[in-house]
Structure formats: structure tokens, C-alpha cells
Amino acid sequence: MLFVPVYIIFIPIFTALVIYLFKNRYINYLALIAQAAITILLVLYHYAYTGNYENTLFYFGDWHTAGISLVNDEISEAFLFLSVFSWWMVLLYTFEKGKTDHHFLFFLMFLQGVFLGLLQSNDLFNLFVFLELTTIIVTILIAYKKTGDSFRAGIYYLLINTSGVLMFLIGIILLYNTFGTINIQYISTAIHVYGEETAVLFAYVLMMGGIAVKSAFFPVFTWLPKAHGVSASAISALLSGLVVKGGLYLFIRMNEMFAGANINYTEFFYWVGALTAVVGVMFALSQKDMKQVLAYHTISQIGIVMMGLSSLHDSAMFYGGLLHIFNHALFKSLLFLGAGIIIKAYKSKKVGEIRGVMRTMPFVSVFMIVGMLSITGAPFFNGFISKSIIKYGIIDSGIKYWILFVVNIGTATSFIKLSQIFFGKKTMTIRLKAVPQRVTMMTLAFACVVLGNFYIQIGEGFFGLPLQQITVTEWAAFFDYALALSIGLLFYKLVIEPDYKPVRYIRNFKMSFETANYLFVVFLVVMSVYFIVL
Amino acid sequence: MDPLLTFIVILVGMYGLSTSKNIIKSVFSVTIMESGVILLFLNLGNTEGGSIPIVSRASEVIADPLPQALMITTIVIGSTVTALALMLCIKVFHHYGTVEWREILARGGGK
Amino acid sequence: MIRNGFLLLLLLVLFSVFYFSLQDLLEFQKTSASYFLEYGLDETGSSNLVTSILLDYRLFDSLFEAGILLIAVSGIIWISKHEIEEKNAEFMIDKFKTPDLFVTFSRLVYPLMLAFGFYIIINGHVSPGGGFQGGAIVATAILILYYIDAEKETNIKLIVTIEKYLYLTILVIASLSFFTRGTFFTNIFDPGTFDTGTQSIYLIVLNVLVGFKVALGLWTIFTAFLKEGR
Chain A
1172 MLFVPVYIIF IPIFTALVIY LFKNRYINYL ALIAQAAITI LLVLYHYAYT
1222 GNYENTLFYF GDWHTAGISL VNDEISEAFL FLSVFSWWMV LLYTFEKGKT
1272 DHHFLFFLMF LQGVFLGLLQ SNDLFNLFVF LELTTIIVTI LIAYKKTGDS
1322 FRAGIYYLLI NTSGVLMFLI GIILLYNTFG TINIQYISTA IHVYGEETAV
1372 LFAYVLMMGG IAVKSAFFPV FTWLPKAHGV SASAISALLS GLVVKGGLYL
1422 FIRMNEMFAG ANINYTEFFY WVGALTAVVG VMFALSQKDM KQVLAYHTIS
1472 QIGIVMMGLS SLHDSAMFYG GLLHIFNHAL FKSLLFLGAG IIIKAYKSKK
1522 VGEIRGVMRT MPFVSVFMIV GMLSITGAPF FNGFISKSII KYGIIDSGIK
1572 YWILFVVNIG TATSFIKLSQ IFFGKKTMTI RLKAVPQRVT MMTLAFACVV
1622 LGNFYIQIGE GFFGLPLQQI TVTEWAAFFD YALALSIGLL FYKLVIEPDY
1672 KPVRYIRNFK MSFETANYLF VVFLVVMSVY FIVL
Chain B
34 MDPLLTFIVI LVGMYGLSTS KNIIKSVFSV TIMESGVILL FLNLGNTEGG
84 SIPIVSRASE VIADPLPQAL MITTIVIGST VTALALMLCI KVFHHYGTVE
134 WREILARGGG K
Chain C
229 MIRNGFLLLL LLVLFSVFYF SLQDLLEFQK TSASYFLEYG LDETGSSNLV
279 TSILLDYRLF DSLFEAGILL IAVSGIIWIS KHEIEEKNAE FMIDKFKTPD
329 LFVTFSRLVY PLMLAFGFYI IINGHVSPGG GFQGGAIVAT AILILYYIDA
379 EKETNIKLIV TIEKYLYLTI LVIASLSFFT RGTFFTNIFD PGTFDTGTQS
429 IYLIVLNVLV GFKVALGLWT IFTAFLKEGR
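From first to last, the protein sequence lines stand for chains A, B and C. Basically the numbering used here = 1-based index in the first sequence + 1171. Basically the numbering used here = 1-based index in the second sequence + 33. Basically the numbering used here = 1-based index in the third sequence + 228.
None of these hints come from the bench; they were simulated from the model. Note that the coordinates shown come from a computational prediction; the quantities given were computed from them, not determined experimentally. Don't take every hint at face value.
Here are a few chain C residues that face chain B, going by a calculated C-beta distance under 7 Å [as the list claims (entries may be wrong)]:
id : residue
1  : L250
2  : Q251
3  : L265
4  : V278
5  : I281
6  : V388
7  : L454
8  : E456
The following residues of chain C were derived to be distant from chain B, with all beta-carbon distances above 12 Å [stated by the list, open to error]:
id : residue
9  : L235
10 : A294
11 : D328
12 : V331
13 : I390
14 : F440
For each residue, glycine too, the CB sits at the ideal point set by N, CA and C.
Looking at chain A on its own, in the form it has when it is part of the complex (with noise of 0.2 Å):
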């Protein structure tokens, strides 16, 4: 039991060795195979180790001082079975296409082998390896479809993640030569040594600094929109989703790991987040395209997870923003794979040409309002839990509450624009034929609704967390919801549909790279002058 991890990262590794080498579409077969083998190790893990965490720790070739170690707890064992989940869906949902197509099934294998170590790792270089792994990884699954747009999203993508990386990269060298180790545990036990020293906050600020750019922090969120919108719905989904999430699981990671120094961050991520949801909501409001209105929601939703992950560890709104992990992971798969059926069947991704989707593909249309219905949080969907825990941390101090109601008005305005592509009449009498398709998203929109009313068992199991203050049968529950989506109309009547200059004008925003450097190194600035300086 204790070599889980291992097997769990090779297996799909191996995996996608052996699809690439065969090129034979009953081999491929073998993809669900290591996946479901995955799945139930991960059970057998799980059932093993709960409530003894600190057993997991192991190290290669058992090298104490010198090797590198895996180790899990609550937190990466959650974020485990959620990317597992969601490889599920994805190769669920590609399999029509996967059967045949070895290279496609190759990289996602491949990646998902990464990612799984990336969760578990407890080493700073070998953090450092995975991260630039998945960013290749992902950066060739961005180009897959081989269009222009394409190429010109990943290498966008590409450079200015490792430029970033790089930053991560020259804090481990800082923490080395304070510490003499890169083993993560171990620099989280030594830290308050060294807490006031500038070499860590320096650290901490370079470290930060690469972790915004990998999880699309404010003013580093540009290449997201560019990468999302260009692939492929299902590879999208997987970005969108879970990717992404893999900054923000290093971000807690490394808060945890720098908890013992004298760094009071929680006042500035807030910030940032709060920048984040309120920036990303703004331009998702302007867009046309379907994908990028998704694609900029991802941007405003991973500002609200920052909300409440910048409280401190322990407190219930951190566990909020944790939670809202998970269900964005949900939702926005959702969201994406049926934006994906959808545009495939229109050959359009433009928000004013789709109509009459409710009558052309009844199923896709529920599922698709389920997803809605849960990123704009409304009661008795999984959305509505974790931004009411969010929401119950700051209701106290006035702005910060009223930033997240703005957020929620804004994303409501888009998604009734979004929602207007159900209406009108049938335009098409194509077939589907796209049963697994169909499975997946109902799959996902099962989940969401069960999380959005079983939260009270789901939380306490996972993470031992009270969650009965939150009752979706309240009546300012409701209040709040129709409030929001009330102005939320009126909003998107009186502002969007007229389409004024100030909304053109951010819909052909288009940040170029060397501005988006630039703004990388004043976010650094800014965090070094926050962080040491003052």
C-alpha cells in the first residue's frame, strides 16, 4: 500500500508508452483499463491511510537525507480523486475520437501521470520538474488541432509559464542555501528559523510569483483566455477544470510550507483574487465567442477560490475556497463539453448565431442549465455551497462583500446571455449519435446536484467539516439568488445587449506578450515591496 503513488503515477505513464507504440485501436481499449486499475488503488489507498496521514511519507531508494520523498494528506488525497475523476470524463467523452486517434491518448496519459506526482510530491526540484512537464504537456495539447490559433496560444502559453517556472525555480536555490534541503516538510519544520530573513520572503515573493502565472492570477491571467479558447472542448474542459487548479494546489502548498515565517499574506491575496473575479468577469461579459465567455468565467471563479483560499488555514472560508475547487472542476467541465457538442453541431461559436438548442438537443440543454445554474450559485447546486461558506467569512466586513455580490451579478449577466442560445426554434434535425458524451455530462451534472444537497455528509467525510449553517432552504437564500439574477437582467438589457463603445472596446482588448511580461514584473515588484519592504 505504501507504493501507491508510484503505481498510480507509472501506471498511466506506462500506459500511454505502450497506446504510442502499438498504434492499434484494441490496445487503446487499454487506456480504461489502467484507469479504472488506477481508480480502485486510489480506493484501497484511501481506506488504508485515512486518519494516519503522516504513514504515507516515503522516500525513493530510502534516502532520508539526501532522496526525494511522496507524501499525501487530506488535501492532495481530495485533489487525487478529483484528477481522477476527471481523466474519467474527459476519456470518457474523447473515446469516439480517442479509439483511433493513439498520439491524442498518448499526451493525456502521459499528462495525468504528471499531474498525480505533482500532487504528491514533497520535494522543491521535483515540484519544479512536474510543473515544467505539465506545461509542456499542455502546451502541445493546446497546439493539437494544428490551426494558427492554436500555434500562436501555445507558444503564448508556453513562454510566460516558463518564464515563470523559472521564478519558482531561483526561489528554490534561495531556500537551499538557507536551509541545505529542498525537502519541503522538512524546510516547513525549520522555517521560523530563518522567518524574518529577506533570502525567504524573497523566496516566498519569487515563488508566488510563479505559481500566478501557472493559476492566472490578475495581471498575469492574459495567456488563459488565448489557451482555453483555442482547443479542443474536451482538452479545454481539462484545463479549465483541473489544470489550472494545479497552481492553486501549490499555492496552498506552499502557504502551508512557509506558515512558521513572518508573512502576513492573507490580506494581500484576497486582493488579488478579488482583482482577479472582478477582472475576469468584466471581460467575460464583453465576449461573443462562447468557448472565451467560458474561458474568462474559469479566470473570475479561480478569483473567488483565491478569496477564500488567502484566509488562513483552518478557517471555515479556506475550506470554502477548497470546496470551490472541486465544484468549479465540476461545473466548468460541464460547461465546456457541452459548449463542445454544441458548437460541433452549429459549426459556430458565436453566442448570436446559436438558437434553439433546447429543441435540437433536449438532453445537452438540461445538463448545460444544471452547470448554469451552479456557477451562478443558485440554491440546491453545488456553486451555492462553497461561495455561501466564502460568503459567510466576509458578510461582516462591508466591501469585500460587496465585491463577491458584484461578481455574482456579473456572472449572472453572462450567463443569461449565454442562456439565450436555448431559445427559439428548432434549426436542426441532425442526430447525434454521442451516447458516452451524453453519459459524461450526465455523469457531471449527477454530481453537482448531489453536492449542492448532500454537502453536510460530503464535507464531514472528506474534510471533517460542519457545514449545517448553510441550509439551502432559506429564504434569503432565494432572495439573494432572484436579487442577483433580477439586476443581472436588467444589467445585461440596459449595458450589454446595446453593446456601447466601453463594452467593444474590452472585447477587442488584446494584451500583447511583452505587456504581459511587463506586468508579470511589476507584480513581482509590487509583491517584493509588500512582502520585505514593508
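Assemble chains B and C onto chain A, guided by the hints.
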């Protein structure tokens, strides 16, 4: 103060990334940054008068072998990133006929 | 102009922060060099401590380092395939001609480079070098071959397949220690019972495999670029 010089190399790379308007130059800037990081690692890992980290030829003090081993990994990663970026760059050129960031963004809808 | 000036100012801030953190670092100067000097040879059988870290203490990293190369190779080949019509392809015509002097010297240097590369690979555990470094040298030697004979055709598919098999072999050999020592990714010979000479057999095998893998990988990348140019 060698580490300071290597940090300047990193900053040169950052300057290049934030000012160059050409994809090739951006790729080179990343490479420069990477070289700076590698030099920084090796510089900080070295001790005054340390010998090479090979047991049979070592004196009492050796240069730290760990940063050197890590840097081999970083060099391999760096070369693959450069190769991939240049290949994408060639492809972008084929599609757009230019390698200027602004012109590329201006063409093809620019989403 | 103002933009660049402000950028310089920002970089100056970063520089000064680094200056102050360097003062701390020079004070601490923690390294783990003494540990490796004391135990490195006995525990791993490699006199070259860098190799001992790469192929034993941190073999897990090195596996993924080789994996990155593997992924990049397949990615570059995938991207460089011409399936979709491209507009400006006629700009990329092979215009240069290799000078004769260069060709003559390349013929002389080529076998020497190849031999030097193999030397570096095989002696990776006693002298500076190892699989990654030697593999790069061997790859460079092969690249010079292209200058000697510019029309040379390479069977990329075959090379890529061999590379994948090599990577699989590396993975299998690296995990063999699970059966002999009960733990993953270390030397298959226990340092308690075997002497360093026996342990170095494992290191040589692994170095040779890694060396070939790296050489083939870089060769493929170069060929992909060459095809793109033609």
C-alpha cells in the same frame, strides 16, 4: 560578487521578455534567463577553493554536487523548451507570415 | 521610452532585494556537500558525486528528465507534420551551402566526437560526465554527419520507436530495485553486501541507456527541424 552578476543576466532576460516585440527574441530572452538561473545555482553551490565533486580527486572541501545535478536536469528541460518554442515559432510563421507579436495578434480575429 | 525607463527602475528594485538576500545567503551558506563526500561513494558506488545524485539519490527526477525529452520529441514531430494547408511555406527554402573546408574537417572530427561521447557515457561514474552529457555529444556528432552528406535521409519513425523502447527499458531497470531491495528507484545492488565495483555495473548500464535515449531524442528533434526547413 559573482551571484550578483548572474542575477543581472536573469534581469537582462526579463528586460528582453518585457520589451521585445518578436517571438524569436522572446524565445532567446527565456533562454538567457535560464542561463542566468543555471549560473546562479552553480555560483551559490560553489565554495571558495572547493574541488570538483569526484571522490577520488577531491580535497577536503568540494563544490556542492546537488546544485550541479539539478542543473543538468534544468539544462535538458531548457533545451527541450527552446526546441518546442522554435518549432511553434516556425509554424506561426507559416500561418501568419510574420513573427511579430503585435501583427500576429492583429490577424485572424485575435482571440 | 518612459515605459522602458520605468521597467529598468522595477528591475533595479528586484536587484536590490536580491542584493540584500544575498547578504543573508553568504552568511548561511548551507550545503549538503559534506554528506555526499562522506557517504556518496559507499552508498551508490559512484565516485562522481553528480552521477550518484542523478542515478541514485534523485533517480526519480532523472526519469522525468528523460521523460521531458521523450514528450518534446513526440510533440515536435506531431507539430511539424504537414496536414493542414499553410500559407507562407514558400519562404522557407534551403538556401545555404556548406563550405568545403567545413565538410573536410567534419569528416576528421566526426569519429573522434563519437568516440569521445561514448567515453563520457561509459565513464560517467568515475569522471565528469554521464548519460545526459555524453548523449548530447553523440547527438552533436550525428548532426555533423548531416553537414557531410546533406541529402541524408533518416527514418524518424524507427528512431522514435527505439527511443520509446529505451525509455521503457530505463523505467523497468530503474524499478528493478523493488525486487532486490524493496524500494523503488535506486541501485539494484545493496551497498551493505556488494562492493562499489559491483554497484557500478548498474550505473554503467543505466548511463548507457540514458545516453542512447538522449542522443536519439536530440537527433530526432534536429531531423524534424531539418525537414521543416526543406
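### Message
Flag every earlier hint the structure violates by its number, smallest first.
### Response
2, 6, 7, 9 and 10
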